[in-house]
Amino acid sequence: MERYRAFLKEIEEFIFVEDSPEKSDVIFIPGNGYPHMAERAAQLYKENYAPYVLPSGKYSVTKGCFSGVLAKKEKYTGTFSTEWEFLRSVLLDNGVLEQAILREDNATFTYENALYSRKVTDAAGIVVRKGILCSKACHARRCKMYYQIAYPKAEFFVCASDADGITRENWNSTEEGIQTVMGELERIIRQFSLLMPK
1 MERYRAFLKE IEEFIFVEDS PEKSDVIFIP GNGYPHMAER AAQLYKENYA PYVLPSGKYS
61 VTKGCFSGVL AKKEKYTGTF STEWEFLRSV LLDNGVLEQA ILREDNATFT YENALYSRKV
121 TDAAGIVVRK GILCSKACHA RRCKMYYQIA YPKAEFFVCA SDADGITREN WNSTEEGIQT
181 VMGELERIIR QFSLLMPK
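Residue numbers (the working numbering): 1 to 198.
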């Protein structure tokens, strides 16, 4: 049983990345319909961790349209056609200046979030030496992998949020949590192999 617990701990340490933030050039938010990551990004922005925030996302390639606001619907009302529009609205509501919000509204999956964000920062002349990633807790490792590929010389600090209730403390106590984390492991392995140089 002790070895089994150690195995679970290794999975938690791998998937649920969490760093202390450091002064950075940009705060990145991979797109989704949860407000928590944009709220965290706004807090970090107001604490002067970075001068820019870059939410990224059109909508999920599997859905073909914006899935809608997935939490705190009573607070974040409105009609949004893209993840970027929604996240921008959350950022503005939480005190981020409009001129500090960069725009990427074409990405339809996580790897595109990273690649297209790189195009945006390059076009704006922003050199990213350090970046903060505000992602869902269980999505943190995969996000970091993709953004590191897009910005190979940058250092990233993951500041994740518990948006869907799946955390390092409880993921293995529900079928949904187990399936979500195992799905992340599978995608990381499969997608990493696709990105390897041939």
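What the hints contain is simulated information worked out from the structure, not anything from laboratory work.
Cβ coordinates follow ideal geometry from the N, Cα and C atoms, glycine included.
Please note that a few of the clues may not be correct.
[What the hints assert, rightly or not] Mimicking DSBU-like on lysine-lysine, the simulated pairs with C-alpha atoms at most 35 angstroms apart in a straight line are:
| # | residue 1 | residue 2 |
| --- | --- | --- |
| 1 | Lys153 | Lys75 |
| 2 | Lys75 | Lys23 |
| 3 | Lys144 | Lys46 |
| 4 | Lys72 | Lys130 |
| 5 | Lys153 | Lys73 |
| 6 | Lys130 | Lys9 |
| 7 | Lys46 | Lys75 |
| 8 | Lys144 | Lys119 |
[What the hints assert, rightly or not] Ranges of calculated distance between the beta carbons of each label pair, as one might list FRET restraints:
| # | residue 1 | residue 2 | range |
| --- | --- | --- | --- |
| 9 | Thr77 | Asp162 | 18 to 24 angstroms |
| 10 | Gln179 | Ser67 | 30 to 36 angstroms |
| 11 | Glu98 | Met182 | 27 to 33 angstroms |
| 12 | Lys23 | Glu186 | 32 to 38 angstroms |
| 13 | Glu12 | Gly125 | 37 to 43 angstroms |
| 14 | Gln179 | Leu92 | 22 to 28 angstroms |
Cross-check of the supplied hints:
Taking the CA atoms of Lys153 and Lys75, the gap is about 38 angstroms. The hint is violated against a cut of 35 angstroms. A distance of roughly 30 angstroms separates the Cα atoms of Lys75 and Lys23; the hinted pair therefore holds under the 35 angstroms criterion. With a C-alpha separation of about 23 angstroms, the suggested pairing of Lys144 with Lys46 holds against the 35 angstroms cut-off. For the hint pairing Lys72 with Lys130, the CA-to-CA distance comes to about 31 angstroms; that is within 35 angstroms, so the pair holds.
Using a Cα cut-off of 35 angstroms, the hinted pair Lys153 and Lys73 is violated, with the two alpha carbons roughly 38 angstroms apart. Distance hint between Lys130 and Lys9 is fulfilled; the C-alpha atoms sit about 28 angstroms from each other, no more than 35 angstroms. At roughly 20 angstroms between alpha-carbon atoms, Lys46 and Lys75 fall within 35 angstroms of each other, so this suggested pair holds. At roughly 17 angstroms between alpha-carbon atoms, Lys144 and Lys119 fall within 35 angstroms of each other, so this suggested pair holds.
Taken as a hint, the range 18 to 24 angstroms holds for the pair Thr77 and Asp162, whose Cβ atoms sit roughly 23 angstroms apart. Evaluation of the 30 to 36 angstroms hint for Gln179 and Ser67 yields a failure: the beta carbon distance comes to about 19 angstroms. Range check, Glu98 to Met182: Cβ separation about 40 angstroms, and the 27 to 33 angstroms hint is violated. Under the hint 32 to 38 angstroms, the C-beta atoms of Lys23 and Glu186, about 35 angstroms apart, fit the expected range.
A hinted range of 37 to 43 angstroms for the beta carbons of Glu12 and Gly125 is consistent with their spacing of about 39 angstroms. Taken as a hint, the range 22 to 28 angstroms is violated for the pair Gln179 and Leu92, whose Cβ atoms sit roughly 35 angstroms apart.
Hints 1, 5, 10, 11, 14, counting from the list given before, are not met by this structure.
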